[in-house]
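Since the structure of chain A is already known, use the hints to place chain B on it.
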Amino acid sequence: MSELKSFYGRFSRNRMAFSGLIVLTLIVMGGLLADIIAPVDKGRIDLEHSLEVPSLKHPFGTDSFGRDLFSRVIHGSRVSLTVGFAARTISIIIGLVMGIISGFYGGKIDSAIMRLADITFAFPTLLLLIAIMAVVAPGISTLVAVLGVVGWAAIARLVRAQVMTIRKRQYVQAAESSGIGTFSLVFRHILPQCLSPVIVVYTMGLGMTIMAESSLSFLGLGVQPPSPSWGRMISDGIIFMRSAWWLTIFPGIILSLTVCSLNLVGDGLRDAFDPKYVYSKERD
Amino acid sequence: MLKFVTRRVAQLVPILFGVISVTFLIMYIIPGDPVLSLVGERYDEETIERIREELGLNKPLPIQYVDYLGRVVRFDFGRSFITGRPVMESIKEYFPRTLLLAFSSMLIAVVAGVIIGAISSLNRFKWLGRALMSFSLVGVSIPVFWLGLLLIYLFAIKLSILPPSGYGNGSLRYLVLPAVTLSFASMATVARVSRSSFLDIASEDFIRTARAKGLNEFAVFGKHLFRNALIPVITIVGTDFGSYLGGSVLTESIFGWPGLGRHIVQAVLKRDFPVIQGAVLFMAVLFMLVNLIVDLSYGFIDPRIRVTGKEE
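Sequences listed follow chains A and B, in order. All the letters of the first sequence, read from the start, carry residue numbers 24 to 307 under the working numbering. All the letters of the second sequence, read from the start, carry residue numbers 227 to 538 under the working numbering.
Please note that a few of the clues may not be correct.
Derived list of chain B stretches under chain A, where covered just means 3 residues or more per stretch with a C-beta under 8 Å from a C-beta of chain A [as the list claims (entries may be wrong)]:
#1 246 to 253
#2 334 to 341
#3 376 to 388
#4 504 to 516
Honestly, the hints are just simulated from the structure, not real lab data. Owing to the predicted nature of the structure, the values given are computational and were not obtained by experimental measurement. We put the CB at the ideal spot given by N, CA and C, even for glycine.
Only chain A is shown next, with the shape it has when bound in the complex:
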């Protein structure tokens, strides 16, 4: 318990990370409570009020169909966050399984899995995503699956390295020589030790995943209309850029804020999990 307390202490003393967490909480709350907060129904078309400048009634203005942009951006956060969390969870599960197998058994299985990771790394990520999304049927579920599968390699590498160091520790060797089964060795002694770095990469990769989702949606390869997505909103706004700047500006600001706060929280978590690291950083 006291460990958790000092962990929280270290995290909250990091002002950047803490403000990131606050912004992130607001955005997540916005996504969760979208139906209550969003002032006007997101899909309601009102052609008489199309392309209105931001006002008190429409804080982000209205789009070419007269839809309230603020509501659409809030509903968009639900889509982006869901895709991000779901895809990241898939990556973590695959990465954990592959990394543990690789680090635990070593040998041929290990080198096979690591070559597979090398192949994934050999592609520029966005290009690989574009090539896959070009041939599968677009939509939220395929997007989640593809983003999730493509993201496994970095986690597997990290977990593998982690498992290899943990396995050399005395208490693990003691447990192993006392004859406990492989299953409980992995789940009781090795896995819990891997969790903190995995939580850090989960958070850090979340920002990247949301960015990739928006890029794909921007190109028309991700979330399909009528589902609101920030990337799509930005690309839809391009043709109106001369007359209605708010269509491209506001979704981009919220997207950048989300990615930025996720990066800040990720940095903060890493520092809070590893006090030695912060010490060496503060000394600089």
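Here is chain B on its own, set in the frame of chain A:
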């Protein structure tokens, strides 16, 4: 050294093989019949059968795979479904423009990034250093496509000092905005890395010696600090090369820059699969080669790596 080079190159062979296989498999999983999407459903059974035979699609999968491997090693990436033009020919036409854009961005990222890193390391307890570091934090969080639009809005629409899009036969005026857009994220990373590298090296013994023997600050910084701090920057440029290639897809589309990235996006919209397959494979192989060069250059800089091998 030769042993080190051959080992690195040998390690690349299975990965290259894997990359080619992945591009083959991606295009094999296309739902529906690629021939139908090619000719449309109005053609008779006979024509479809003939095209299928021409493309080798009636053969069993392993044979198709071997055929594909055979063509790829001869740099034959097939022909476009739409125009019938060999894919390699259009890569030759479009890629130099992507390279021009990528290198210009890299130049901006390295020069500006190192300057920002140096200034913020010298001012790390002052507001300026902190402000520059927050700026670099924001830099990695801004989506490249949105930044591009922001710059178009500001410099092309509001101030009208630069053209919003186009190639302009490669004139500098047309290059500025896309190059800055593409460089931004990498510039932020370079700034972060070079800052911590400057700080690390500043506490080394040889810097203290340089100061102790009475060199002025300018000479210490220029001669001793700067050179040594640049080594980690090389790594970043190498690993970031993939993000330049990926980012070029978005940047080129926004700015109407007629490079390979925009060509890929257009092929995706037209479902021109051979073009997507060939261009993505080309970029992946290029990315692998850049990483190989970065790896080898370590071997030249640091003899220890030659012996032990770089383990991650």
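Legend entry - Verdict on chain A covering the stretch 504 to 516 of chain B, criterion of 3 CB contacts below 8 Å: holds (count 5)
Legend entry - Outcome, coverage of the stretch 246 to 253 of chain B by chain A - at least 3 residues whose beta-carbon is closer than 8 Å to one in that chain: holds (count 4)
Legend entry - Coverage of the stretch 334 to 341 of chain B by chain A, judged on three or more residues with CB within 8 Å: Coverage by chain A is violated for the stretch 334 to 341 of chain B (0 residues, Cβ < 8 Å).
Legend entry - Within 8 Å of chain A (C-beta), three or more residues of the stretch 376 to 388 of chain B: holds (count 4)
Hint compliance for this structure: hint 2 alone is broken.
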